[in-house]
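Engineer: Here are the chains, one letter per residue:
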Amino acid sequence: GAGVSQSPRYKVAKRGQDVALRCDPISGHVSLFWYQQALGQGPEFLTYFQNEAQLDKSGLPSDRFFAERPEGSVSTLKIQRTQQEDSAVYLCASSFRSRGGYEQYFGPGTRLTVT
Amino acid sequence: AQSVAQPEDQVNVAEGNPLTVKCTYSVSGNPYLFWYVQYPNRGLQFLLKYITGDNLVKGSYGFEAEFNKSQTSFHLKKPSALVSDSALYFCAVRDMIRDDKIIFGKGTRLHILP
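Just so you know, the protein sequences line up as chains A and B, in that order.
Take 1 as the starting number for the first sequence in the working numbering and just add one per residue.
Take 1001 as the starting number for the second sequence in the working numbering and just add one per residue.
Just to be clear, a hint being listed does not mean it is correct.
Residues of chain B placed beyond 12 Å of chain A at every Cβ, according to the derived structure [as the list claims (entries may be wrong)]:
#1 Val1013
#2 Gln1038
#3 Glu1066
#4 Phe1067
#5 Ser1084
The calculated DSS-like cross-link candidates involving lysine-lysine, where the alpha carbons are at most 30 Å apart (straight line), are [as the list claims (entries may be wrong)]:
#6 A:Lys57 x B:Lys1058
#7 B:Lys1106 x B:Lys1058
#8 B:Lys1106 x B:Lys1022
#9 A:Lys78 x B:Lys1106
#10 B:Lys1106 x A:Lys11
#11 B:Lys1106 x B:Lys1077
#12 A:Lys14 x B:Lys1106
#13 A:Lys57 x B:Lys1106
It should be emphasised that the hints constitute simulated quantities derived from the structure, not laboratory data.
Where a beta carbon is used, it is the ideal one built from N, C-alpha and C, also for glycine.
Take these sequences, add in the hints, and give me the full structure.
Structural biologist: Rendered as structure tokens:
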């Protein structure tokens, strides 16, 4: 079956522009996670959904970051008024378990460059 | 706070030799530990996990990891390295407080020399 897909794979945005990053999880996976990976660093947790409910958004760095998963499948991470420090790879992962204690399946990521 | 540390930024190993990528953890209680691998331009791939049971965990692509509670370590190992094992490896631990979250180390780049 298909894995986790993300689009676009690459995004260049001018500072101040809004962007929307899409994640298609593996069909049937209950949990969906967003991570931010800066260059040379490990992924940092942003937010977590169980079905359509956003249960944890403690990792979102500012109120410019917003995520949704309205029907419990596809998710969108939106960044408003992008800043240069938002430049990173944004990773989406899904899991068939309801908690993060089990393996997560990652998409290829969206590389965001803010100029 | 829960965390994992990967003390080596890079590890170089000759093809055919055994490899070890180090990880130590800091958690309260019994840890859930993971290893992931990241190939260029690809997402992270799950290799193996330790939750409970045998201290030696076997995973994908011939990798294994040894859980050592006394040393708070979870080193990744492989008896004979392949050039195709060259990648970025991440150790991770489940956050014991917010257990939906996985905390990743900063990664170790593994170079297998032909």
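Engineer: Determine for every hint whether it applies to the structure shown.
Structural biologist: How the hints compare with the structure:
no., hint, result
1, Val1013, "holds (21 Å)"
2, Gln1038, "violated (8 Å)"
3, Glu1066, "holds (19 Å)"
4, Phe1067, "holds (15 Å)"
5, Ser1084, "holds (19 Å)"
6, A:Lys57 x B:Lys1058, "violated (33 Å)"
7, B:Lys1106 x B:Lys1058, "holds (23 Å)"
8, B:Lys1106 x B:Lys1022, "holds (12 Å)"
9, A:Lys78 x B:Lys1106, "holds (25 Å)"
10, B:Lys1106 x A:Lys11, "holds (24 Å)"
11, B:Lys1106 x B:Lys1077, "holds (18 Å)"
12, A:Lys14 x B:Lys1106, "holds (28 Å)"
13, A:Lys57 x B:Lys1106, "holds (22 Å)"
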